[in-house]
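One-letter residues, chain by chain:
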Amino acid sequence: MTSKRSQIEMVGLVVIVLLITVGMLFLATFALKSDPHKKIFTRKGLSYSTLSALMKATVETNADCVPQYQGLESPQIGKDIIDDCARYHDTDGYSQYRCRGPVSGERLHSCDFLHEMMSYLLNQTLGSWNKNYEFHSQLIVFQETTPQDLIEPVIAGGGCPKYKERDASGLFPINTDAGLVENVLYLCD
Amino acid sequence: MKRSTLPYGLRRNRKAQIQMSETIAVLFIFFVLIFFGIIFYYKYQQVSFQEKQEELLGTRAIETTLKTLFLPELICSKGEAESEDNCVDMLKLRSLNETIKQYLDDYYFEIFSYARIYVQEVYPGNSTFILYDKQKPDATREEPTFFVVTLRDEIAGKGQELHKFGYLAVVVYS
Numbered sequence: 019m020t021s022k023r024s025q026i027e028m029v030g031l032v033v034i035v036l037l038i039t040v041g042m043l044f045l046a047t048f049a050l051k052s053d054p055h056k057k058i059f060t061r062k063g064l065s066y067s068t069l070s071a072l073m074k075a076t077v078e079t080n081a082d083c084v085p086q087y088q089g090l091e092s093p094q095i096g097k098d099i100i101d102d103c104a105r106y107h108d109t110d111g112y113s114q115y116r117c118r119g120p121v122s123g124e125r126l127h128s129c130d131f132l133h134e135m136m137s138y139l140l141n142q143t144l145g146s147w148n149k150n151y152e153f154h155s156q157l158i159v160f161q162e163t164t165p166q167d168l169i170e171p172v173i174a175g176g177g178c179p180k181y182k183e184r185d186a187s188g189l190f191p192i193n194t195d196a197g198l199v200e201n202v203l204y205l206c207d
Numbered sequence: 002m003k004r005s006t007l008p009y010g011l012r013r014n015r016k017a018q019i020q021m022s023e024t025i026a027v028l029f030i031f032f033v034l035i036f037f038g039i040i041f042y043y044k045y046q047q048v049s050f051q052e053k054q055e056e057l058l059g060t061r062a063i064e065t066t067l068k069t070l071f072l073p074e075l076i077c078s079k080g081e082a083e084s085e086d087n088c089v090d091m092l093k094l095r096s097l098n099e100t101i102k103q104y105l106d107d108y109y110f111e112i113f114s115y116a117r118i119y120v121q122e123v124y125p126g127n128s129t130f131i132l133y134d135k136q137k138p139d140a141t142r143e144e145p146t147f148f149v150v151t152l153r154d155e156i157a158g159k160g161q162e163l164h165k166f167g168y169l170a171v172v173v174y175s
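Which chain is which? The protein sequence lines are A and B, in order. In terms of my numbering, the first sequence is residues 19 to 207. In terms of my numbering, the second sequence is residues 2 to 175.
Hints are not guaranteed to be accurate.
As the list claims (entries may be wrong) - Think about it this way: if two alpha-carbon atoms lie no more than 30 angstroms apart in a straight line, the pair counts; the simulated BS3-like pairs of lysine-lysine are:
1. A:62 x A:182
2. B:102 x A:97
3. B:79 x A:97
4. B:137 x B:102
5. B:68 x A:62
6. B:53 x B:93
7. B:53 x B:16
8. A:62 x B:16
9. A:182 x B:53
10. B:16 x A:22
11. B:79 x A:62
12. B:137 x B:53
13. B:53 x A:62
14. B:102 x B:68
15. A:62 x B:93
No lab work stands behind these hints: they were computed from the structure.
Make the full structure from the sequences, and use the hints.
Next up, the structure:
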């Protein structure tokens, strides 16, 4: 009699254990759910396409980049402006291109213009879609190992530190007279 | 020890009654648990169904965006050279709206289904080019996807090819 009763109690215990296991499985399904495919794809593609478009973009003619004809009337950001900035990085005040900033409206040194332009364009796109981002442009001078910031990093919404889930555009290296300039854009939610 | 004054038959009956109510209580609790389980499972199914729908809509948004980005009617090309990615040709862009309108139902609807596609210029101007607009009458959800592109303009610059900055927006409906 006692043995039968304990057997029934064992069955009850097994049922409870089973119920708890099923509950745990449900919880695990919820917890281990990965980011949707779209989110990852969009972030990766968006970071690449944004930097690619930024590098290709040309400065408008009204920005008066050159007072007398010395270079292109509409210099390309990823080629002419970055090259000019790298070349005259340490020359305080002087640069071949002095374009009007899209926000300040003043004619700026190519490095200052680059920073203002990047901040403006990124804010108008990624910023308006509530994305956090970080743009770095670093100069690696020939025969030197440590890269130095060409411009101050453009950071919005707290940036994308390493511990955050982030995607990078990949390096966009540009060969200039002053050395190699590496550009990278990090994007996170 | 005090012995029960009730007759033996009545005592057995009472014990059986107690056991019966115990069984009923256990069964009640069991069915309550089953009921909660069914409710939980129903809610879970409802949520996963919605998630699946969202996932499908997201996939469609990606597909539509990719189709638009690589649309020969829009992408930057130069003769037989390989076309430039993330680039929209302004010359094509200016006339595409009319072409799409003309062949919307018999060609473009099959490609884009219910969607709204437009190109927004950010720098230097702020023009909007609506390429495709077919709204779903009973749409309950919409999914926007943005891609930054460069807008190549060969006629704006004085002999120089200009690359404007903008983005492509694709909104899909379900």
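Results of checking the hints against the structure:
Proposed proximity of residue 62 of chain A and residue 182 of chain A is supported: the alpha carbons are some 14 angstroms apart, at most 30 angstroms. A C-alpha spacing of about 38 angstroms is found between residue 102 of chain B and residue 97 of chain A, which places the hinted pair above 30 angstroms, so the restraint is violated. Of the pairs offered as hints, the one joining residue 79 of chain B and residue 97 of chain A holds, with about 21 angstroms between alpha carbons and a cut-off of 30 angstroms not exceeded. Taking the CA atoms of residue 137 of chain B and residue 102 of chain B, the gap is about 16 angstroms. The hint holds against a cut of 30 angstroms.
Of the pairs offered as hints, the one joining residue 68 of chain B and residue 62 of chain A holds, with about 17 angstroms between alpha carbons and a cut-off of 30 angstroms not exceeded. A distance of roughly 37 angstroms separates the Cα atoms of residue 53 of chain B and residue 93 of chain B; the hinted pair therefore is violated under the 30 angstroms criterion. Taking the CA atoms of residue 53 of chain B and residue 16 of chain B, the gap is near 55 angstroms; set against the 30 angstroms cutoff, the hint is violated. Distance restraint check for residue 62 of chain A and residue 16 of chain B: the Cα-Cα separation of roughly 72 angstroms exceeds the 30 angstroms cut-off, and the hinted pair is therefore not satisfied.
For the suggested pair residue 182 of chain A and residue 53 of chain B, the alpha carbons sit about 26 angstroms apart, so the restraint of at most 30 angstroms is met. For the proposed pair residue 16 of chain B and residue 22 of chain A, the alpha carbon gap of about 19 angstroms is at most 30 angstroms, so the pair holds. Proximity of residue 79 of chain B to residue 62 of chain A is assessed by CA-CA distance (about 27 angstroms); at most 30 angstroms being required, the pair is judged to hold. In summary, the hint linking residue 137 of chain B to residue 53 of chain B is supported, as the alpha carbons are separated by about 20 angstroms, within the 30 angstroms threshold.
Among the hinted pairs, residue 53 of chain B with residue 62 of chain A is consistent with the structure: their alpha-carbon atoms are about 22 angstroms apart, no more than 30 angstroms. With a C-alpha separation of about 17 angstroms, the suggested pair residue 102 of chain B and residue 68 of chain B falls inside the 30 angstroms cut-off, and the hint holds. For the hint pairing residue 62 of chain A with residue 93 of chain B, the CA-to-CA distance comes to about 27 angstroms; that is within 30 angstroms, so the pair holds.
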